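K.L.:
In order, the protein sequence lines correspond to chains A and B.
Numbered according to our numbering, the first sequence spans residues 220 to 388.
Numbered according to our numbering, the second sequence spans residues 712 to 1153.
Warning: the hint list may mix true and false statements.
Claimed, not checked - Cut-off 27 Å, straight-line C-alpha distance, at most; resulting in silico cross-link-like pairs (BS3-like, lysine-lysine):
id, chain 1, residue 1, chain 2, residue 2
1, A, Lys-379, B, Lys-931
2, A, Lys-316, B, Lys-942
3, A, Lys-379, B, Lys-761
What the hints assert, rightly or not - Just the calculated beta-carbon pair ranges, DEER-fashion:
id, chain 1, residue 1, chain 2, residue 2, range
4, B, Gln-916, A, Gly-351, 21 to 29 Å
5, A, Gly-351, B, Pro-897, 38 to 46 Å
6, B, Asp-998, A, Glu-288, 35 to 43 Å
It is worth saying that the hints were derived from the structure and are not from the lab.
All of these numbers come straight from a predicted model, not from anything done at the bench.
Even glycine gets a Cβ: it sits at the ideal position worked out from N, Cα and C.
Listed here are the chains, written in short residue letters.
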Amino acid sequence: MKTRGAYGWLLLMAVLIPLVAIGGAGCKKKGPKGIETGGGGMGGTSEGLTGRAAQIQEAQNRLQTIYFEYDAFDLSSSAQETLRQDAKIIEQYPDVKIQVQGHCDERGSEEYNLALGDKRARSARDYLVNLGVSPDRLTTISFGEERPVDPGHDDAAWAKNRRGEFVAE
Amino acid sequence: MSRIFSRDRTSMRRGLLLLALLAAWQCLWPAAAAAQRRSLVVTPFERKFKIAIQPFVGDSVEASATGTRIAQVISSDLDFTGIFQPLNPNAFLEDARTVDNIDFRGWQTIGAEALVKGSVTPEGDMISVEARIFDVYKGSRVVGKRYRGPASEWRKIAHRIANEIFKYFTGDEGVFDTQITYAGKPNRRVKEVFVADFDGSNIVQVTRNNSINNYPNWSKDTNRICFTSFKAGRPTLFVIGRGGRGARAVRPSSTILQGAWSPVSGELAVGGQVGVGNSEILRLSPDGSSFIRLTNHPAIDTSPSWSPDGSRILFVSDRSGSPQLFVMNADGSGQRRISYQGAYNVHPVWSPKGDRIAYAGMVGGHFDIFTMRPDGTDVAQLTSSGNNEYPSWAPNGRQIVFQSGRGAGTAIYVINANGSNLRPILRAPGGATAPTWSGHIP
């Protein structure tokens, strides 16, 4: 009797826990969006996630960052190629929304870079829309210089920080 | 007399010399007549005005201790300006209690040009502080004032006395009752708004929302600070009380990158996307409900700041290819570029005196602080090493606060408008950036 009861509980948990995980994970997180850099997403692996949460995780893992020249917001041919691939990925996850983030390196003025990051984000967003991604799946935000991926003070670090990132949500 | 006006050459020269001397004397005469009070005219490398500040005396040990502290604060304040040199009290020969029959000649021999004496008298929880300023060369007392306040606010009284001394000798208001607001990083992921006294002391954290908060700016009455925050997701403008209470978004539906209060009305000039997707300069009503769009250009237009009379607005635009300084009338008309030196110029701020603009200009990969006339002429470079950005004027237009350094090493410095008296004010782990000088705090 006891054993069967224990199995019953196990079965219940096995059903309930994933449901709770999906429900919880599918809810909009409170607090500022996009504070995590792209690639962080919802967690390290897709294990245990199903439904939309898994979609978001997968999309996040596959989307590639694009890079910009100094003080520029136009898209290089390499950036355009990356965006073409990203657009295809986005189309494969129709329930996922994408926040397009613009970032700058530390060298220019912070205030100007906040605006420049915004132009980078919109540049990438507009290109995706031109490739057929529905505009209401895309939002843009600039972080200016505030969120470098590399805290270094050299060309290599700066090149990594001048970027457009895609956060699945 | 006829000799002077004869046609002989030597006499001509003599005559001309006499005329020149006469002319020079005529020029000096009005100045001499107006010199009821001393007036400091400071040029770089000019020697400082030497002032002796004796410890303020008191009858009790506690009152004496307060008096000593008051004198020290007055000394530090005047030293901060870079135009006074408080003399070392160890050189003082006269008793601080002596107020009659002051040995002015003795003070002259140690180089003092002015002398400050005072006393502290406790009155319950209050103190009464008397300050006397003497002009050593005149040999007389020129200012006598009494201040009364809570004993715990002795520092505020000291600052008031220092302001009085500064005003007497320069004609300008002192800055010892002002503060600086800036952005600091309590940890790597977060940036918050802080406030400190003009000299970097008494640091207080104003925002605590664990987000990115930046570009704080003072209201005219110094009671509120507006700042850009990411706490609601996208950057927008918030207003908060100086003490950290009552934060609210001005126009939560709009992305706003920077904001600055008009010096004459409650309006805010902002750089942001209000009604359009491009960063433009706009004027917002105090409650954010309505706006007037001032720029209309696909370029980045950002970083607005007002003229002291509220009639014009400076801003940064890259419409000519790279960030440069522009000015326009407060209604958006008359937009014209004013910076023509250097390829990247940002953060223009108008001196409260109205006669100059400070800004940050990029020179060989780093920024330096410059000033120029509002029409763009007479460019002067104030700093020359390090990476120096984000200037802000003291309310008397004599000094400029700015940030220097990179990343977590960025700290806040002050420099005089003529490029002298560079001094560090504030550093913090994680960096201190975006300083803005307040008006006088009542």
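K.L.:
Each of the hints needs a verdict: does it hold here or not?
P.N.:
Comparing the hints with the structure gives:
no., hint, in the structure
1, A/Lys-379 - B/Lys-931, "41 Å, violated"
2, A/Lys-316 - B/Lys-942, "21 Å, holds"
3, A/Lys-379 - B/Lys-761, "54 Å, violated"
4, B/Gln-916 - A/Gly-351: 21 to 29 Å, "48 Å, violated"
5, A/Gly-351 - B/Pro-897: 38 to 46 Å, "44 Å, holds"
6, B/Asp-998 - A/Glu-288: 35 to 43 Å, "41 Å, holds"
Violated hints for the displayed structure, listed by number in ascending order: 1, 3, 4.
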